[in-house]
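Student: Fit chain B to the given chain A structure using the hints.
One line per chain: the protein sequences are A and B, in this order.
Counted from 1, the first sequence has number 73 at position 76 by our numbering; the numbering is strictly sequential.
Counted from 1, the second sequence has number 139 at position 142 by our numbering; the numbering is strictly sequential.
Calculated from the structure, these hints are not laboratory results.
It is possible that part of the hints are untrue.
Note that identical chains are pooled: a pair holds if it fits in a single copy or bridges any two copies.
What the hints assert, rightly or not - Only pairs whose alpha carbons sit at most 27 Å apart, straight line, appear in this in silico DSSO-like list of lysine-lysine:
hint: 1; residue 1: K95; residue 2: K127
hint: 2; residue 1: K103; residue 2: K10
hint: 3; residue 1: K10; residue 2: K79
hint: 4; residue 1: K10; residue 2: K114
hint: 5; residue 1: K10; residue 2: K127
hint: 6; residue 1: K89; residue 2: K52
There are 2 protein chains.
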Amino acid sequence: MNYEERDAYGMYKISSAQSGGPDTRQGPGPHLMGADTLIGNDVYNRDGEDLGDVKEIMLDMRSGRVSYAVLSFGGFMGMGEKLFAVPWDALKLDTENKRFTLNVNKQQLESAPGFDKDHWPDMADATWEKSIHAYYGTKPYSPTPRV
Amino acid sequence: MNYEERDAYGMYKISSAQSGGPDTRQGPGPHLMGADTLIGNDVYNRDGEDLGDVKEIMLDMRSGRVSYAVLSFGGFMGMGEKLFAVPWDALKLDTENKRFTLNVNKQQLESAPGFDKDHWPDMADATWEKSIHAYYGTKPYSPTPRV
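Okay, chain A solo, but in the shape it has when bound:
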């Protein structure tokens, strides 16, 4: 499942009548993408291994930032039942293959900090936040409260 297949509102469809040609930019993508269309998208690593897919996208309501994707690394190593919060900055949208790239190998994922769906962590907790960013080599954003 990818964002074009999940495009219920037609935001990525190019209208040839309107665009005047196949290369004319139109519509929000790929600079702006619909959160709902990104849910269910596959996540691969740079070795082309399928790691799992996006189950949720966590929004920080205080800062207006996208903070985490919640992934399920299904189908290997018995990790199918667990969920993993991955910093948004650790994921890159691969518009050619219409999927996300996460630069970790499967061995690294074995020790990734996960949780089960009945026990979601307090994602606003600074200690938890630091540990997740340390694991993926990303940086927490400094707090920028909404005015």
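Tutor: Quick look at chain B alone, frame taken from chain A:
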């Protein structure tokens, strides 16, 4: 439909065994909210009028910011067919009523810039962006490209 009803992964459920009491913070909400759970949530104004609901949430892939909610202001003034991009900062999550508040009245919405689903605007276009923010009295974020 509200985020608790759409909570497929149980992120907002408080486990009393774990929390030790009804007031103990646990889980991501309300500081962090799942994008998928927010889709379909109602939008009211401060007069308590039902304006419509959230159809999509647009993420700026360059900056990692939540940029717009795409709303449908259904059921009045023949606006049911149109979609409206509303700056994320113009919306406030009302956790008491489990819905969003948008501070505009129905008359103001009559002249709101909308689009139909077959013609999504280029939301990365600076002119479009400015006009939307001017309408709702919000400010575009300065570009903060991902490193």
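Student: None of the hints should be skipped; say for each whether it holds.
Tutor: So, going through the hints one by one against the coordinates:
1. Proximity of K95 to K127 under the C-alpha cut-off of 27 Å is found in neither arrangement, the shortest distances being 30 Å within a copy and 29 Å between copies.
2. Taking the closest pair of Cα atoms, K103 and K10 never come within 27 Å of each other, the shortest separation being 35 Å inside a single copy and 31 Å across copies.
3. In this homomeric assembly, K10 and K79 come within 27 Å of each other (Cα to Cα) only across copies, at 17 Å, whereas the closest approach inside a single copy is 35 Å.
4. When the C-alpha separation of K10 and K114 is checked against a cutoff of 27 Å, the pair qualifies only between copies, where the shortest distance is 10 Å, while the shortest distance within a copy is 35 Å.
5. In this assembly of identical chains, K10 and K127 lie within 27 Å of each other by CA distance solely across copies; the values are 24 Å between and 39 Å within a copy.
6. For a Cα distance limit of 27 Å, the shortest separation of K89 from K52 qualifies both inside one copy, at 16 Å, and across copies, at 24 Å.
Violated hints for the displayed structure, listed by number in ascending order: 1 and 2.
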